[in-house]
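Visitor: Listed below are the residues making up each chain.
There are 2 protein chains.
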Amino acid sequence: MALEKLDGLELPAAADMHVHLRDGAMTELVVPTIRKGGVNMVFVMPNLVPPVTTVRHALEYQRRLQELEPKVTFLMSLYLHSSITPEVIRKAKHAGITGVKSYPHGVTTHSDQGVMSYEEFYPVFEEMEREDMVLNLHGELPPSAGEDITVLSAEEAFLPTFLDLHRRFPKLRIILEHCTSAAAITAVKTCGPTVAATITVHHLFMIVDDWAGDPHCFCKPVAKLPSDRRALLKAAVSGDSRFFLGTDSAPHPASSKRADKYAAGVFTQPHAVGLVVDAFEQAIGTGVLTAEDVTKEKLEGFMCSNGRAFYGVKDDRNERIVLRQSGATIDEILRSKDGSVEVVPFKRGKMTWGVEWQ
Amino acid sequence: MALEKLDGLELPAAADMHVHLRDGAMTELVVPTIRKGGVNMVFVMPNLVPPVTTVRHALEYQRRLQELEPKVTFLMSLYLHSSITPEVIRKAKHAGITGVKSYPHGVTTHSDQGVMSYEEFYPVFEEMEREDMVLNLHGELPPSAGEDITVLSAEEAFLPTFLDLHRRFPKLRIILEHCTSAAAITAVKTCGPTVAATITVHHLFMIVDDWAGDPHCFCKPVAKLPSDRRALLKAAVSGDSRFFLGTDSAPHPASSKRADKYAAGVFTQPHAVGLVVDAFEQAIGTGVLTAEDVTKEKLEGFMCSNGRAFYGVKDDRNERIVLRQSGATIDEILRSKDGSVEVVPFKRGKMTWGVEWQ
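Residue numbers (full-length UniProt numbering), protein chains in the order written: chain A, 1 to 358; chain B, 1 to 358.
Hints should not be assumed to be uniformly reliable.
[As the list claims (entries may be wrong)] Anything over 12 Å on all C-beta distances counts as not near chain B; from chain A, calculated:
1. Glu28
2. Gln66
3. Thr150
4. Val288
5. Asp315
[As the list claims (entries may be wrong)] In silico DSSO-like links for lysine-lysine, alpha-carbon gap of 27 Å or less:
6. A:Lys347 / B:Lys261
7. B:Lys261 / B:Lys314
8. B:Lys261 / A:Lys350
9. A:Lys261 / A:Lys36
10. B:Lys347 / A:Lys261
11. A:Lys261 / B:Lys350
12. A:Lys261 / A:Lys91
13. A:Lys261 / B:Lys71
14. B:Lys71 / B:Lys261
15. A:Lys36 / A:Lys93
16. B:Lys337 / B:Lys350
17. B:Lys298 / B:Lys350
18. A:Lys234 / A:Lys350
In short, the hints are calculated from the structure, not lab data.
These numbers come from a predicted model, not from an experiment.
The beta-carbon is built from N, C-alpha and C at its ideal position, and this holds for glycine as well.
Given only the sequences and the hints, what does the whole structure look like? Please build it.
Guide: This is the structure:
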């Protein structure tokens with residue numbers, strides 16, 4: 001194995017800065033998998049039904065999550081929406097809410113109440129800048145934006161909007177979430193230190209061919225070309241602190257994946273850290289990376305410290321994990337105790353690197 | 001409706017120069033849908049299991065098809081394979097077999113016995129040139145051909161191979177099957193009159209966004225960008241006799257579409273002609289075509305006469321069809337009488353233009 005040098009490596013607990021934990025029985029199923037994946041801090045997306053648009057809803061949601069797993073820190077977000085005013089931002093900041101997530105209208109799961117135009121939110125962004133809150137951008141233009149906008153071009157087509165927001169609000173901390181393209185990586189690099197990007201683990205593995213014909217590999221933004229995957233892999237091990245892990249782990253009921261029109265989302269939560277190591281190993285195997293690219297420092301930066309540093313948060317528990325090459329077999333399916341919810345994980349049935357808690 | 005002028009239009013029966021009729025119960029289910037779609041002549045693909053590599057197998061298959069539907073002409077093909085020799089070509093020609101289909105190894109349904117290298121078949125192509133048989137090319141490079149070959153680039157990456165075959169065998173009649181890209185259309189136009197291309201009806205409708213998340217819209221080659229769709233639509237109504245209909249209608253059991261790793265193929269057979277008119281109407285609605293582009297002559301060329309002219313065959317029955325705007329609702333699902341086979345048609349449940357036999 002290309003990365004056997006990492007067997008037994010001790011690292012700080014990982015932070016996963018982009019997770020979907022859903023509602024109800026699904027939440028109860030997926031929250032306990034966070035620590036299994038080597039993670040003790042997550043940034044929680046607000047695209048519930050209805051979306052999390054009030055401080056009260058966010059705090060209730062956080063309380064419910066915390067009850068399910070007291071040993072994870074849940075950083076909470078609001079869903080950018082016409083009801084979000086500068087006043088709401090001030091309250092949110094005071095209540096300890098970390099960010100505001102912007103979904104362009106109609107691009108992914110539960111985005112039907114998303115943003116049609118950013119201009120109306122400029123006063124909100126100004127307030128966020130003052131309050132030092134993070135703007136989390138789902139960076140895709142919707143298909144309605146132009147006849148040549150496709151799932152393949154939607155992210156690159158969004159980059160001018162992203163760069164314009166950074167230019168207008170240079171002190172606003174912005175995260176371009178789940179980057180999937182070389183163009184997005186390049187754009188982020190041109191920005192100042194207030195801008196960062198999350199990279200998922202599944203986009204380190206996949207290209208368009210992987211989701212062509214496989215519902216469990218289909219997500220938004222879609223995985224793109226080999227050249228895009230190479231750019232993501234290189235960014236992840238570049239040592240540039242603006243790139244860090246946000247798995248965008250997005251569980252869907254198996255029945256909505258094995259369907260005539262199926263949901264977008266890849267579920268990686270239970271093996272978040274192990275899969276990152278697997279992805280680097282695959283990339284070494286194909287010559288995209290070398291074993292020398294994947295050092296303790298790079299891994300720690302990408303999975304553990306860069307995200308926390310950008311958000312300005314620490315691991316108060318000061319926990320450590322250990323990587324194990326003789327890892328785990330990924331479950332074929334996860335079932336809730338009452339059997340009402342089933343989720344198919346990414347790379348089901350495959351071996352992955354394991355994680356032990358110190 | 002943009003094309004109401006076509007309501008009641010009489011045309012020759014259509015020819016569908018690329019169909020998959022499968023084996024067994026599936027054959028019994030789909031063969032009766034050919035005439036329903038306004039078609040009385042089809043070119044039959046040989047990718048059965050095992051593939052049709054002998055004259056005897058092809059003739060047995062033809063007899064079975066003919067028994068199921070005596071009022072359709074079945075033009076037969078062999079599967080290009082190491083067992084196909086110049087001798088086999090001479091026998092095939094003598095037996096009335098029309099073409100030889102080349103599948104690159106591993107690119108689509110039942111292509112695991114496909115071609116690894118074309119050079120070994122040069123003597124076969126020479127014999128086909130002499131015997132005036134048609135070479136039907138599945139025009140995609142397999143992923144193994146290069147690290148940047150994807151389902152999106154595989155067709156364009158094949159074009160040099162296609163052009164090289166035409167250059168080496170200028171008198172060999174070649175059809176670049178199911179073109180999906182502007183690049184393929186351009187390449188075909190640069191060739192001499194021995195080269196033609198089929199265009200499916202589903203590629204006149206779809207782009208990548210349509211199969212992202214929908215197994216019933218997923219096929220190989222995959223639908224690509226809006227610019228590619230525009231090129232296909234314009235070629236179809238260009239009046240250039242080298243472009244004609246081959247639906248590539250490819251039925252799969254519903255269970256292999258609603259699956260964790262699902263089959264490539266779109267089933268359009270029962271409404272082949274109606275869907276072509278629908279596609280042109282959709283293109284007029286989006287401004288890609290005008291109503292003036294879609295004339296009786298263009299429709300007749302694309303659906304009825306260009307294909308027959310290229311293959312040098314006539315409709316001995318001299319049948320006529322009539323287009324009806326007040327068409328039919330496409331079935332949600334087709335079931336064999338014993339219920340053992342189910343197929344989901346393209347645009348299930350939608351309205352389509354209808355066809356009446358004169």
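Visitor: Take the hints in turn and mark each one as holding or not.
Guide: Verification of the supplied hints:
no.: 1; hint: Glu28; in the structure: holds (24 Å)
no.: 2; hint: Gln66; in the structure: holds (34 Å)
no.: 3; hint: Thr150; in the structure: violated (5 Å)
no.: 4; hint: Val288; in the structure: violated (9 Å)
no.: 5; hint: Asp315; in the structure: holds (37 Å)
no.: 6; hint: A:Lys347 / B:Lys261; in the structure: holds (12 Å)
no.: 7; hint: B:Lys261 / B:Lys314; in the structure: violated (41 Å)
no.: 8; hint: B:Lys261 / A:Lys350; in the structure: holds (15 Å)
no.: 9; hint: A:Lys261 / A:Lys36; in the structure: violated (31 Å)
no.: 10; hint: B:Lys347 / A:Lys261; in the structure: holds (12 Å)
no.: 11; hint: A:Lys261 / B:Lys350; in the structure: holds (15 Å)
no.: 12; hint: A:Lys261 / A:Lys91; in the structure: violated (40 Å)
no.: 13; hint: A:Lys261 / B:Lys71; in the structure: violated (37 Å)
no.: 14; hint: B:Lys71 / B:Lys261; in the structure: violated (37 Å)
no.: 15; hint: A:Lys36 / A:Lys93; in the structure: violated (30 Å)
no.: 16; hint: B:Lys337 / B:Lys350; in the structure: holds (23 Å)
no.: 17; hint: B:Lys298 / B:Lys350; in the structure: holds (25 Å)
no.: 18; hint: A:Lys234 / A:Lys350; in the structure: holds (24 Å)
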